[in-house]
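Undergrad: Residues per chain are reported as follows:
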Amino acid sequence: MKNELDEQDTRLRHYLLGELSSDEEQLIEERLLIDEELKEQMLIVEEDLIDDYAADNLSPQQQANYQKLFLASPEGRQKLQLSRILKHHLNNFSEASTPQPTFWERVQIGFAQLLSPATLKVAMAMLVVGLGVFSWWVFLRSDLSNAITALKNAYSEQRPLEFRITGFAYARFSASASTQNQTTTAKLKAVDSAFDKLLDDKPTAESLHELGKYNLAKKNFDESVGLLTKGLELEPDNTPIQIDLAVALIERGKLSLASGQPEKAQADFQSGKINLRQAIAGSPSSLEAHFNLALLHQTMKNWSEAEKAWRHYLTLDQVSEWSQEARRYLEVVVEAQKQ
Amino acid sequence: MRTNWQPTPDDLNLFLRWLDQDAENAATRYESIRRNLISIFNRRGCHCSEDLADETFNRVMRRLPKMIDTYVGEPSRYIVVVARNLHLEYVQQVEKQEPLPEHDHTDLSVNAPDESKEHEFGCLEHCLKQLPHQQRKLVVGYYHEDKRAKIDHRKQMADELGIGLNALRIRAHRIRASLEDCLKQCLR
Chain R
16 MKNELDEQDT
26 RLRHYLLGEL
36 SSDEEQLIEE
46 RLLIDEELKE
56 QMLIVEEDLI
66 DDYAADNLSP
76 QQQANYQKLF
86 LASPEGRQKL
96 QLSRILKHHL
106 NNFSEASTPQ
116 PTFWERVQIG
126 FAQLLSPATL
136 KVAMAMLVVG
146 LGVFSWWVFL
156 RSDLSNAITA
166 LKNAYSEQRP
176 LEFRITGFAY
186 ARFSASASTQ
196 NQTTTAKLKA
206 VDSAFDKLLD
216 DKPTAESLHE
226 LGKYNLAKKN
236 FDESVGLLTK
246 GLELEPDNTP
256 IQIDLAVALI
266 ERGKLSLASG
276 QPEKAQADFQ
286 SGKINLRQAI
296 AGSPSSLEAH
306 FNLALLHQTM
316 KNWSEAEKAW
326 RHYLTLDQVS
336 EWSQEARRYL
346 EVVVEAQKQ
Chain H
629 MRTNWQPTPD
639 DLNLFLRWLD
649 QDAENAATRY
659 ESIRRNLISI
669 FNRRGCHCSE
679 DLADETFNRV
689 MRRLPKMIDT
699 YVGEPSRYIV
709 VVARNLHLEY
719 VQQVEKQEPL
729 PEHDHTDLSV
739 NAPDESKEHE
749 FGCLEHCLKQ
759 LPHQQRKLVV
769 GYYHEDKRAK
779 IDHRKQMADE
789 LGIGLNALRI
799 RAHRIRASLE
809 DCLKQCLR
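Heads up: the sequence lines are chains R and H, in that order.
Note that the numbering used here has the first sequence beginning at 16, numbered continuously upward.
Note that the numbering used here has the second sequence beginning at 629, numbered continuously upward.
A hint or two may mislead.
Only pairs whose alpha carbons sit at most 25 Å apart, straight line, appear in this in silico PhoX-like list of lysine-lysine [unchecked claim]:
id, chain 1, residue 1, chain 2, residue 2
1, R, Lys245, R, Lys288
2, H, Lys783, R, Lys323
3, R, Lys54, H, Lys812
4, R, Lys233, R, Lys167
5, H, Lys745, H, Lys812
6, H, Lys812, R, Lys83
7, R, Lys102, H, Lys783
8, R, Lys269, R, Lys288
9, H, Lys812, R, Lys102
10, H, Lys765, R, Lys102
11, R, Lys102, R, Lys54
12, H, Lys745, H, Lys757
13, H, Lys778, R, Lys102
14, H, Lys783, R, Lys54
15, R, Lys245, R, Lys167
16, H, Lys724, R, Lys83
17, H, Lys757, R, Lys102
18, H, Lys745, R, Lys102
19, H, Lys765, H, Lys778
Keep in mind the hints are simulated off the structure, nothing from the lab.
Starting from the given sequences, assemble the full structure and let the hints guide the process.
TA: Structure, rendered in C-alpha cells:
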C-alpha cells in the first residue's frame, strides 16, 4: 500500500516537473480531469514540490523545470509565495506563540481529555442511558423522527443491503433473505405504520430522503430512486441523499443484471458512480461514499479500481467494524486478480 | 489562438448530453472538467488558462456532431487530446512573441522588507486563529521543522493521532488549503 502510494507520488512528481513521456502525461491528465482523489493527491505532491523548491532541495535541472512550468503563471508564483510565508513564519511559530485555544475550545478539549480509557466505560454507560432517554423523547417528537428511529431499530441486527445506507450503524449483512425476514419482520411492521404517516405531509428534502431510505431498505428500488431524486432536486448538494441515491441506483442495476438486462444495469451503475463521486467531491472524508464506491467497483468486477478504492478506504477508517468488512473485501479483490 | 467559432445552444446541449445523460450531472461534470483543465494549463505555465479551457471545449463541441456516433471511450480522453494540441499551438504562439522579462524568482517574500514580513506574520496569526485548535496544532506541528528530521516528526504526529502517514498528509493538506485561502484574502 505504502509502496503504491510512493510510486504514485513519484509519478505525479515527475509529471509536475515535465519529466514524463508524452503518453504517460496524457494518461495522467485523462485521470486528473475526472478523478478527484488523484487530483487531491497531486495537490499534495505539488505542495511538497513547492516546499522543496523553496528550501532549495531540487537538483539544478529540476529547479529549471520548476521555474519554467510553475513560475510562469501568476497562480504558480502565488503558490510559491504562500509556501515561503508558511515555511518562514511557521518555523518561527513556537508552541508558545501559537494562538491559544478559546474558552469554548478549552471546554471541548477538557471533555476530550476527560474521556480517557479509564473513565470511558462509565461515560459510555451514562451515554447509553442518556441516549435511551433522548431516543424516547425523539420518538415522541414527530412522525418523521418516529419513522427514522423505527427504521434504524429494524435493521440494527442485520443490515438490509450490502451497500451502506447513510446514518445506519454497522450491522452485518447476510445475502440470505429468509434469515433477514426472521429477525426483522416484526420490527418492520412498526416501520410501515410510522412511514405511512409521512406520506400525507408536504414533502421536504429530509422527509423525501427518509422515505427514500425506507424504500431502499425494503428493496423497492424504483420508488427509492424516484423519492431520492426529488429530494436531491430540493437540495442538490446534499451529500447523504447523493450517497443513498447512488445505492438505490446500484441495487436496481444489480436486479437488472440478474434479469438479463446488462445495458440497463450499466446505466444505473454509471449513474451510481457519478453520484458517489459527486458525494466524495462535496465531502471528501465521507466513509459511506468511499465504502460504496469501492463496493461498486467490486460489483462491476473492476478489480484494480476496487483494490485501490478499498485500500484508500482503509487509510480513512482503520478501526470500525466497517473497516474489518473492507479488509475482507480487499482480500477477495486481491484473490480475484490472481485468478 | 481563439477561433471565431462559438457554440450554439444545440452544440452545448449535445456536448452536455455526451458528458452525461442526466442534465444535472452533466452540468456538474462540465464545471469540474473545466476547473481541472484550467489547473492543467496553469501547471504548464500558461498565462490565459481559462481562455484555453474554454477554447478546448469550443473545439470539442465543434467536432462533436461528426464523431459522437462513432467515438468509443470516456469523453475525458478526447478532451485531453484536444487540450494538449491546443497547448502546443499556444507554446508555438508564445515562442513567436517577444520574450517576457524574466521573473526574479527569489523576490517572493523571502527578501521582503520587514514591514511586509510583519504584515505576513499578522495575517498568518489571524488566519491560524480562524482554525479550530486541533487543526491549528496539527498544521503548525506538520510544517514546523523541528531539529528532529521532518519525517520522524511527522511519523510521531501520525502515531499520536492514531492514523497513517498518508491520512496525516491529507489532513494537513486540507487545513493548509483553507489556511492559504485565508492568507490570500488577508494579503490582498
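Undergrad: Run every hint past the structure and note whether it holds.
TA: Hint-by-hint comparison with the structure:
1. Lys245/R to Lys288/R: It holds: about 19 Å lies between the C-alpha atoms, which stays within 25 Å.
2. Lys783/H to Lys323/R: With Cα atoms ~23 Å apart, Lys783/H and Lys323/R stay inside 25 Å; holds.
3. Lys54/R to Lys812/H: 21 Å, holds
4. Lys233/R to Lys167/R: At roughly 12 Å apart (the allowed maximum being 25 Å), Lys167/R and Lys233/R satisfy the hint.
5. Lys745/H to Lys812/H: 15 Å, holds
6. Lys812/H to Lys83/R: The hint holds at about 23 Å.
7. Lys102/R to Lys783/H: This hinted pair holds, its Cα atoms lying about 19 Å apart.
8. Lys269/R to Lys288/R: 14 Å, holds
9. Lys812/H to Lys102/R: 15 Å, holds
10. Lys765/H to Lys102/R: With a Cα-Cα distance of about 15 Å, the restraint between Lys765/H and Lys102/R holds, given a limit of 25 Å.
11. Lys102/R to Lys54/R: 23 Å, holds
12. Lys745/H to Lys757/H: Cα-Cα ~18 Å, so holds.
13. Lys778/H to Lys102/R: Holds, at about 13 Å.
14. Lys783/H to Lys54/R: 24 Å, holds
15. Lys245/R to Lys167/R: 22 Å, holds
16. Lys724/H to Lys83/R: 17 Å, holds
17. Lys757/H to Lys102/R: Holds, at roughly 18 Å.
18. Lys745/H to Lys102/R: Holds, because 13 Å separates the two Cα atoms, which is no more than 25 Å.
19. Lys765/H to Lys778/H: 16 Å, holds
Hint check: no violations occur; every hint is consistent with the structure.
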